[in-house]
Amino acid sequence: MSPQLNHRKSVDDFARSHEPIVWSLFGAGGMVVAFISPWLIVITGLLLPLGLVSEDVLAYQRVLEFVQSWWGKLFLLVVISLQLYHAVHRIHHGLHDLHIEGPPVIMATLFYGGATLLSLMLAVLLVTV
Amino acid sequence: MASNDNKTVNRRPYMARPSRWWWTQNSFYRWYMLREGSCLFVFCYSLILMTGLLRLSQGEQAWEHWLQSLQHPLYQVFHVLALLAVLYHAYTWFKLAPKIMVLRIGSWTLPEQAMILGQWCAFVLCALTMLAVVLWGGM
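Protein sequences, first through last, are from chains A and B. Quick note on numbering: the first sequence equals residues 1 to 129 in my numbering. Quick note on numbering: the second sequence equals residues 1 to 139 in my numbering.
The set of hints was computed from the structure by calculation and includes no laboratory data. Please note that the accuracy of each hint is not assured.
[What the hints assert, rightly or not] Interface residues of chain B toward chain A, partial, derived using beta-carbon atoms under 7 Å:
1) F43
2) M50
3) S57
4) A62
5) W108
Where a beta carbon is used, it is the ideal one built from N, C-alpha and C, also for glycine.
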């Protein structure tokens, strides 16, 4: 076997190995933002304040029951954390587009780590509520 | 030894770095930046939702107070802009999907337009499902 073919342990490969995970989260987040976020924004941010529905729709007891159900917890965890991963991926690349750069490892840790930290906080919140 | 002949200069030429405002130069890049910028609304909206959940966990009064704060005109402007941002994201996302994933059955390829239309149908279905659950869902 030629030595040139044996390059699997190069630094470059390790650096690249995170990309599929990050991209899957970004892609799944893109689906959520396209299909679900518009209606979530309408429901929580526009229907009630614009007086289009009765206040009972987001009444405390009703929302609490939803958040305390396992499907409610699952829905909120998946939707909000994928929104976060999607957003930080674009912010990360957008800053690069604007020539705002830092050491790559620190920038990646800051953004993807930040989204992970927020998702963990959200999970704790959902479990305890 | 390298010759001094101009034609055989053996190094990468100096390339001036484009300005950080390169994307303002034409409309394609401006729309690109707008699409990328939509994520700022998504990020802020996620934090708003998380704040709501925190308030919910703190009891009825905190929840009512949070709902009240959403009535503020600034919040309403934010939500309208956020809605426009995610709708533009959806438009670009649906257009991109058939280029990333080409669906073939035998020698027949699903036309791009059909796939885009299919996604818009799913989009409407999501809307109807979510609104039905929120408005009439027995919880």
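Do the hints match the structure? See the list:
no., hint, result
1, F43, "holds, 4 Å"
2, M50, "holds, 6 Å"
3, S57, "holds, 4 Å"
4, A62, "violated, 9 Å"
5, W108, "violated, 25 Å"
Hint violations for this structure: numbers 4 and 5, all remaining hints satisfied.
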